[in-house]
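Engineer: Per our numbering, the first sequence starts with residue 1, numbered consecutively.
There could be a bad hint or two in this list.
What the hints assert, rightly or not - DSS-like mimics (lysine-lysine), calculated; alpha carbons at most 30 Å apart, straight line:
1) K169 with K75
2) K202 with K104
3) K202 with K32
4) K202 with K271
5) K230 with K130
6) K104 with K75
7) K273 with K169
8) K169 with K144
9) K169 with K271
10) K144 with K75
11) K202 with K169
12) K145 with K273
13) K169 with K32
14) K169 with K145
15) K75 with K202
16) K104 with K144
17) K145 with K202
18) K104 with K230
19) K125 with K273
20) K169 with K230
21) K271 with K230
22) K230 with K75
23) K75 with K125
24) K145 with K104
25) K169 with K104
26) K130 with K169
27) K144 with K130
28) K125 with K104
29) K125 with K145
30) K130 with K202
31) K230 with K125
32) K273 with K130
33) K271 with K130
34) K144 with K271
35) K32 with K144
To be verified - The following label-pair restraints were derived from C-beta to C-beta distances:
36) G20 with D250: 28 to 38 Å
37) G99 with R12: 43 to 53 Å
38) T180 with A210: 20 to 30 Å
Treat the hints as calculated values from the structure; they're not laboratory data.
Just so you know, even glycine gets a beta-carbon here, dropped at the ideal spot from N, CA and C.
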Amino acid sequence: MPELPEVETVRRGLHRLIIGRSVARVSHDTPKSFPNSPQDVHSFVVGASVTDVRRRAKVLMIDLSTLYTLVVHLKMTGQLVLVGQTRFGAGHPNDSLVGSLPDKSTRVTIDFVDGSQLYFNDQRKFGWMKLMPTDEVPHMTFMKKVGPEPLEADFTSWQFAARFTRRAKTSIKAALLDQTVIAGVGNIYADESLWGAHIHPKRLVHTITAAEFQHLYTELRIVMNLAIDKGGSTNQNYVNAEGKRGSYMDFARVFRREGLTCPHCGAEIIKFKAAGRGTHICPVCQVV
DNA sequence: CACTTGACCTGTCCGC
DNA sequence: TGCGGACAGGTCAAGT
1 MPELPEVETV RRGLHRLIIG RSVARVSHDT PKSFPNSPQD VHSFVVGASV
51 TDVRRRAKVL MIDLSTLYTL VVHLKMTGQL VLVGQTRFGA GHPNDSLVGS
101 LPDKSTRVTI DFVDGSQLYF NDQRKFGWMK LMPTDEVPHM TFMKKVGPEP
151 LEADFTSWQF AARFTRRAKT SIKAALLDQT VIAGVGNIYA DESLWGAHIH
201 PKRLVHTITA AEFQHLYTEL RIVMNLAIDK GGSTNQNYVN AEGKRGSYMD
251 FARVFRREGL TCPHCGAEII KFKAAGRGTH ICPVCQVV
């Protein structure tokens, strides 16, 4: 569920909260969630301080002063939550979605010297946190294959359309979800942007016109920028670095709104399966 | 190579 | 109340 806007929201929170903090101790459970050896953790994490928090696509990178990086993918149910002096510093306590930590979903706990803790929680264990030298991160298979960042200032609608030519015979929704085409798009913002561009998700890529690609490019950027502004979408259990919900779902036009009316034409929103995912459209505004 | 499907997990919800 | 099954969705391996 965490897509580009949610991961970016976590990045901004962590960037504000943990840079400069020094690691006192690390504990973790399964190799699946954290595959590195205790020796590596002791050598390159304990005693290190956080120097930067970066994002590429849906992947977070916590850079350490040892020139090692904790690379994190939240997949569907991952959370990175800091508990410490600043946790209740802002916002309303009712915004919080997490109880006391650690809990049964906690996979990794990083204790900082100042007494705060960073928890990596992941109910379904699809996510992971990996330690590797910072200069090796760009050489990960994922990093080499992933497409361009859709919100970068120099990313044009021409480049956007050109990325899809390789996937001419698949559906536009499957292509949007393909991380090697465009980085960071997931199920929520695929549905929202396709609604905004009046494109049916099952349309084949080669039938999409240049004007429609232009429209989709614009809608995708509008929707993702709005979602970042709203702190992301909390559909199930996404929370930011302070354990708080995002509010984009209050602004969603079709996602998870089956049976409600289309904000554009008033028709009833329907749900079906496309590209293997639950898919929401207005059957009047979006036709095959 | 392009494309689709199933596997990875756990919790929740729905019908019986 | 319990119980089985569908569903949630990001990515990769394995299939056609």
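Engineer: Are the hints correct? Go through all of them and say.
Structural biologist: Structure-based check of each hint:
no. : hint                       : verdict
1   : K169 with K75              : holds (27 Å)
2   : K202 with K104             : violated (39 Å)
3   : K202 with K32              : violated (35 Å)
4   : K202 with K271             : holds (13 Å)
5   : K230 with K130             : holds (29 Å)
6   : K104 with K75              : holds (18 Å)
7   : K273 with K169             : holds (18 Å)
8   : K169 with K144             : holds (24 Å)
9   : K169 with K271             : holds (23 Å)
10  : K144 with K75              : holds (19 Å)
11  : K202 with K169             : holds (11 Å)
12  : K145 with K273             : holds (27 Å)
13  : K169 with K32              : violated (35 Å)
14  : K169 with K145             : holds (20 Å)
15  : K75 with K202              : holds (24 Å)
16  : K104 with K144             : violated (34 Å)
17  : K145 with K202             : holds (25 Å)
18  : K104 with K230             : holds (29 Å)
19  : K125 with K273             : holds (25 Å)
20  : K169 with K230             : violated (35 Å)
21  : K271 with K230             : holds (25 Å)
22  : K230 with K75              : holds (20 Å)
23  : K75 with K125              : holds (9 Å)
24  : K145 with K104             : violated (34 Å)
25  : K169 with K104             : violated (43 Å)
26  : K130 with K169             : violated (35 Å)
27  : K144 with K130             : holds (17 Å)
28  : K125 with K104             : holds (11 Å)
29  : K125 with K145             : holds (24 Å)
30  : K130 with K202             : violated (36 Å)
31  : K230 with K125             : holds (27 Å)
32  : K273 with K130             : violated (33 Å)
33  : K271 with K130             : violated (37 Å)
34  : K144 with K271             : violated (35 Å)
35  : K32 with K144              : holds (22 Å)
36  : G20 with D250: 28 to 38 Å  : holds (34 Å)
37  : G99 with R12: 43 to 53 Å   : violated (24 Å)
38  : T180 with A210: 20 to 30 Å : holds (22 Å)
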